[in-house]
Amino acid sequence: MPIRLYGIRRSLASNFSQSATGDIEAIGVLNGCDRDMSNLFSQKLALVTLPGNPAAVSLLRKPFIRDFASEECSNLIKSWLSICVLRHSKCTISSPVISPLPTRVIRVGYQDGPEPVLYKPPSGSKSAYIALSYCWGRRKNILLTKEMSELPNSSAKFPMSLLLQTLRGAVQIARNLGFEYIWIDSLCIIQEGDDTEDLRREHIKMHELYGNATLTIAAAADRMNPEDQSDCVIGYDLEAGSSGTANVVFESNKQGNERINEPLNTRGWTFQECVLSPRTIVFYKDQIGWDCASIIINSNGPLNPLVNHHKDSPGRISDYLVSHETTRTRVVSENEACMEYWRKSVEFYSLRNISYNGDKLRAISGCAQWIKSKTSDGYLAGLWASDLRTQIFWYTEGPSSRQVLYRAPSWSWASVDWKIKFWLPDQIINTDPVNDRVGSKKFPRISLEPKNVRMIYSTPSNECGDILKGSLSIEGVLKPWRLGEGKFVATKKSMSDTRIFFDEDIDEILFWLHARDLKYFLFFPSPESSSRYFALILKRVDVTFRRVGMAGCSVEAYKLYTELDINVPQLVVIE
Numbered sequence: 001m002p003i004r005l006y007g008i009r010r011s012l013a014s015n016f017s018q019s020a021t022g023d024i025e026a027i028g029v030l031n032g033c034d035r036d037m038s039n040l041f042s043q044k045l046a047l048v049t050l051p052g053n054p055a056a057v058s059l060l061r062k063p064f065i066r067d068f069a070s071e072e073c074s075n076l077i078k079s080w081l082s083i084c085v086l087r088h089s090k091c092t093i094s095s096p097v098i099s100p101l102p103t104r105v106i107r108v109g110y111q112d113g114p115e116p117v118l119y120k121p122p123s124g125s126k127s128a129y130i131a132l133s134y135c136w137g138r139r140k141n142i143l144l145t146k147e148m149s150e151l152p153n154s155s156a157k158f159p160m161s162l163l164l165q166t167l168r169g170a171v172q173i174a175r176n177l178g179f180e181y182i183w184i185d186s187l188c189i190i191q192e193g194d195d196t197e198d199l200r201r202e203h204i205k206m207h208e209l210y211g212n213a214t215l216t217i218a219a220a221a222d223r224m225n226p227e228d229q230s231d232c233v234i235g236y237d238l239e240a241g242s243s244g245t246a247n248v249v250f251e252s253n254k255q256g257n258e259r260i261n262e263p264l265n266t267r268g269w270t271f272q273e274c275v276l277s278p279r280t281i282v283f284y285k286d287q288i289g290w291d292c293a294s295i296i297i298n299s300n301g302p303l304n305p306l307v308n309h310h311k312d313s314p315g316r317i318s319d320y321l322v323s324h325e326t327t328r329t330r331v332v333s334e335n336e337a338c339m340e341y342w343r344k345s346v347e348f349y350s351l352r353n354i355s356y357n358g359d360k361l362r363a364i365s366g367c368a369q370w371i372k373s374k375t376s377d378g379y380l381a382g383l384w385a386s387d388l389r390t391q392i393f394w395y396t397e398g399p400s401s402r403q404v405l406y407r408a409p410s411w412s413w414a415s416v417d418w419k420i421k422f423w424l425p426d427q428i429i430n431t432d433p434v435n436d437r438v439g440s441k442k443f444p445r446i447s448l449e450p451k452n453v454r455m456i457y458s459t460p461s462n463e464c465g466d467i468l469k470g471s472l473s474i475e476g477v478l479k480p481w482r483l484g485e486g487k488f489v490a491t492k493k494s495m496s497d498t499r500i501f502f503d504e505d506i507d508e509i510l511f512w513l514h515a516r517d518l519k520y521f522l523f524f525p526s527p528e529s530s531s532r533y534f535a536l537i538l539k540r541v542d543v544t545f546r547r548v549g550m551a552g553c554s555v556e557a558y559k560l561y562t563e564l565d566i567n568v569p570q571l572v573v574i575e
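Taking full-length UniProt numbering, the leading residue of the sequence shown gets 1, the next gets one more, and so forth.
In case anyone wonders, no lab produced these hints; they're calculated from the structure. The C-beta atom is built at its ideal place from N, Cα and C for all residues, glycine as well. Honestly, I wouldn't trust all of these hints.
To be verified - Capping the alpha-carbon separation at 30 Å, the derived lysine-lysine pairs in DSBU-like fashion look like this:
| hint | residue 1 | residue 2 |
| --- | --- | --- |
| 1 | K205 | K419 |
| 2 | K120 | K78 |
| 3 | K285 | K372 |
| 4 | K205 | K469 |
Stated by the list, open to error - Estimated spans, in silico, between C-beta atoms of each pair:
| hint | residue 1 | residue 2 | range |
| --- | --- | --- | --- |
| 5 | P100 | S154 | 34 to 44 Å |
| 6 | L162 | E72 | 23 to 33 Å |
| 7 | E71 | G358 | 42 to 52 Å |
| 8 | K451 | V332 | 24 to 34 Å |
| 9 | N357 | K78 | 38 to 48 Å |
| 10 | S89 | S473 | 27 to 37 Å |
| 11 | T103 | E556 | 57 to 67 Å |
| 12 | R454 | S154 | 44 to 54 Å |
| 13 | I234 | I98 | 46 to 56 Å |
| 14 | S458 | I142 | 23 to 33 Å |
The task is simple: from the sequences and hints, build the whole structure.
Given below as structure tokens:
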């Protein structure tokens with residue numbers, strides 16, 4: 001297979017004109033014949049140079065920063081922060097620099113000075129502070145204990161030599177930037193097993209802890225020091241006979257996928273830490289990047305913007321509401337926008353890893369608290385009361401399972417472990433009105449509003465916290481169904497017009513392979529008059545039911561399933 005080299009020009013608009021001296025921004029290296037940059041065999045040798053080099057007139061990109069603790073790195077972050085605070089009106093309006101301090105913070109000290117200490121600010125204290133978003137990993141780290149938290153103020157010390165490299169690096173960066181305080185969860189919250197009440201109390205404040213931070217340090221890689229990459233220096237000719245030098249840096253087309261798979265982008269807890277933070281400095285394994293409401297940029301210049309490692313993410317929560325005010329074709333209330341954001345967030349969040357069974361709802365509770373503060377809506381185990389008619393129809397994509405230990409009722413997406421999608425009305429509903437009569441028998445009109453919701457929380461005053469038990473009473477047409485037995489026989493016609501999703505693999509296997517496996521389909525008409533019906537697939541457990549899946553079908557399929565019986569809605573309790 002041939003290896004080909006080709007030039008990547010600074011201005012794509014000039015690709016069909018003759019190349020000029022100093023016009024090449026990078027060198028493409030192609031193993032094969034296709035120049036499509038989505039081709040993993042098509043790589044790039046980027047040309048970068050330092051300010052002051054004659055070649056900098058043409059090459060706007062800078063070399064990678066080799067030392068994250070260096071003065072060069074600190075100065076770059078300071079410049080980004082200064083520009084954001086002084087010039088970004090959108091950022092300063094929504095996120096003041098000085099905010100209330102958390103319950104506990106780490107006082108970082110200064111270079112070669114005292115070790116970091118735990119500080120408990122007086123109630124109402126305000127100051128600038130940094131928050132850290134990172135992955136704990138498997139290595140042991142100092143954790144805040146109840147005994148340490150009860151020591152006199154500034155008496156609990158955290159020796160730098162005993163901190164993990166990521167935490168040590170974050171403290172050093174805070175010092176370099178001139179911040180006095182940093183918030184790190186493992187050092188500022190008494191960890192589970194020692195005082196679970198403190199953990200619950202602080203988790204309620206996650207939207208404030210990250211939302212009030214002046215800056216969040218996000219350690220995307222598993223360490224906060226860049227990988228070494230040796231440069232090749234070449235001559236770079238400019239117009240009018242002058243010349244400079246350029247450093248040649250290899251860039252893989254797989255870089256985007258590599259960033260998607262970096263630890264910070266796969267951990268459940270870090271999703272809300274990212275979307276709640278007003279300003280984030282991201283430390284990748286090869287460079288740093290800045291992300292605020294006004295700009296996204298990386299350390300080696302604007303011509304190579306950050307790879308969009310959150311392609312499907314709804315983005316920063318406050319940005320979403322603002323951006324959608326100007327792009328919508330119809331007037332949308334803040335509540336509607338929040339519900340749309342939540343559905344997208346859950347779909348994106350469900351792809352991430354959770355280390356502990358009980359963290360499924362905890363790790364997104366900060367987003368829930370933020371939305372609740374905006375809407376005053378009722379929060380029901382990961383679903384919102386005002387949007388329940390949509391959010392109750394979720395399904396899993398791929399093999400899924402439920403945890404043995406209880407964390408959410410079966411009607412909540414939080415009860416399963418796998419990728420979640422919401423089956424929105426416009427995905428399956430043909431909005432053309434249909435005749436709702438079959439002969440002289442009328443289809444029932446059923447409200448999808450829950451008749452009764454009972455939730456028992458571990459902390460009664462916190463409905464975004466842990467759940468002990470939950471039940472939902474809802475009205476629908478309930479039909480028992482065994483595949484291939486009795487009068488509810490699945491016909492080729494009916495099944496071809498139906499989509500069925502089971503929450504767990506075992507229920508799907510039993511349903512399709514065992515004729516005696518009895519399921520109940522709770523049918524609802526679509527939210528609008530249309531040609532579609534929804535159904536929750538249930539399994540009877542004593543006098544109540546447990547959700548095991550969902551389905552969507554046409555009116556014609558619904559007629560076959562119910563065999564044109566007069567449908568009498570009944571109230572069903574699902575736990």
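Violating hint indices (sorted, rising): 3, 5 and 10
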